[in-house]
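2 protein chains.
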Amino acid sequence: MSVKYAVLGLLAQRRGYGYDLVQRFEEQVGPAWQLNAGAIYVALDKLEQEGLVRPVTSGQNGAPITRRRTARGAPRVIYEATPEGLERFEDWMTTRSAMSPLREELHLKLALSRPHNLPRLIELTYEQEEACLERLEQYLGGSSFDDLLASAQPWSAVASVMVRDAEIAHLQATVEWLRRIREAMRWLEERPEALRSRA
Amino acid sequence: MSVKYAVLGLLAQRRGYGYDLVQRFEEQVGPAWQLNAGAIYVALDKLEQEGLVRPVTSGQNGAPITRRRTARGAPRVIYEATPEGLERFEDWMTTRSAMSPLREELHLKLALSRPHNLPRLIELTYEQEEACLERLEQYLGGSSFDDLLASAQPWSAVASVMVRDAEIAHLQATVEWLRRIREAMRWLEERPEALRSRA
Chain A
31 MSVKYAVLGL
41 LAQRRGYGYD
51 LVQRFEEQVG
61 PAWQLNAGAI
71 YVALDKLEQE
81 GLVRPVTSGQ
91 NGAPITRRRT
101 ARGAPRVIYE
111 ATPEGLERFE
121 DWMTTRSAMS
131 PLREELHLKL
141 ALSRPHNLPR
151 LIELTYEQEE
161 ACLERLEQYL
171 GGSSFDDLLA
181 SAQPWSAVAS
191 VMVRDAEIAH
201 LQATVEWLRR
211 IREAMRWLEE
221 RPEALRSRA
Chain B
31 MSVKYAVLGL
41 LAQRRGYGYD
51 LVQRFEEQVG
61 PAWQLNAGAI
71 YVALDKLEQE
81 GLVRPVTSGQ
91 NGAPITRRRT
101 ARGAPRVIYE
111 ATPEGLERFE
121 DWMTTRSAMS
131 PLREELHLKL
141 ALSRPHNLPR
151 LIELTYEQEE
161 ACLERLEQYL
171 GGSSFDDLLA
181 SAQPWSAVAS
191 VMVRDAEIAH
201 LQATVEWLRR
211 IREAMRWLEE
221 RPEALRSRA
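As they're listed, the protein sequences go chains A and B.
Residue numbers for the first sequence follow my numbering, so the first one is 31 and each next one is one higher.
Residue numbers for the second sequence follow my numbering, so the first one is 31 and each next one is one higher.
Treat the hints with care, as some may be off.
To be verified - Stretches of chain A that chain B covers, calculated by requiring three or more beta carbons in the stretch to come under 8 Å of a beta carbon on chain B:
| id | region |
| --- | --- |
| 1 | 70-83 |
| 2 | 106-118 |
| 3 | 124-137 |
| 4 | 167-180 |
Said to hold, decoys possible - Interface residues of chain B toward chain A, partial, derived using beta-carbon atoms under 8 Å:
| id | residue |
| --- | --- |
| 5 | Val-107 |
| 6 | Glu-110 |
| 7 | Leu-142 |
| 8 | Asn-147 |
| 9 | Arg-209 |
Bear in mind the hints are in silico, worked out from the structure with no lab data behind them.
Computed from a predicted structure; not experimentally measured.
For each residue, glycine too, the CB sits at the ideal point set by N, CA and C.
Could you build the full structure based on these sequences and the hints that come with them?
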């Protein structure tokens, strides 16, 4: 649902076609979202049905303006936001945002595990930590938003870096958590008597 | 998809029926997942189709054992994990877990916003911070897993507290991030000249 409004926001910035919007979404929102490209096309369809976006027409015969053809020869339709679309986007921007759920598969494994799974769980914490550190490395050397503010960048650049900063903070907190629980699990592995058996 | 294996894990612990599994999921995994109860019933159907769980039968006539009737009078079927189900659950426990996406609506708003949205974005950071602090307060006074280890609790209790600790860490990191970006946004609000206009 939120992706719909993001597409509207991208079209409020300037016209675009499907794949172009996928690229702009990834560039502006960042990799943490793990965008499924199909969601952009679903959003475009919905937005068009609701009259919030429309294909850009040449004006002469009302045929949509298209850009390069896709590999299969289908024309790429260029879309623009309608006035209603722009208004709806601004409305969305002012609504309160609910917090998203935190749904990590590792949390389920941990919650449903039994003591005999401890050795494997410890390995999983290493694997997850490695994944976090790899992602963090990709962000290394990137500008902080404080840097950007000092060098008069456009707001869009500052905002994108703020979003990346949220992922960095999440990854760092996750790494610290993984190390904390790993230490406790190792301690337990050596002292199984510290656990009470279930009745 | 992961919920399916969680349901299998709950049934590996002991038999159960739909609503009972919803409650046990929420108790063991915690509120951060924001479980949609329907997902448990979908998972049960899939698991039964795959032969990983089955209704518990009375043995006499092969009729499923049921427990209390629902408000609409439909019998509540009790399920148990099959031997294949137990094996599949252990397989899942050992697979590597991919990191989940980080999909906060506030991130989209930030990434797609324009400078004129700054005042509202600042308000949104307050609202989100308040939501985080409210959730953190619910966890206040709860045991840490170090406490639990010191008092010989069952592993399941320790593991649940570890999962809650992941949410606490995430919420704390989010609060710090919100404060950081709010400070930068306020600075910008007072110095619009610090932003370069888009070409």
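How the hints compare with the structure:
no. : hint    : in the structure
1   : 70-83   : violated (count 0)
2   : 106-118 : violated (count 0)
3   : 124-137 : holds (count 13)
4   : 167-180 : holds (count 3)
5   : Val-107 : violated (21 Å)
6   : Glu-110 : violated (16 Å)
7   : Leu-142 : holds (3 Å)
8   : Asn-147 : holds (5 Å)
9   : Arg-209 : violated (11 Å)
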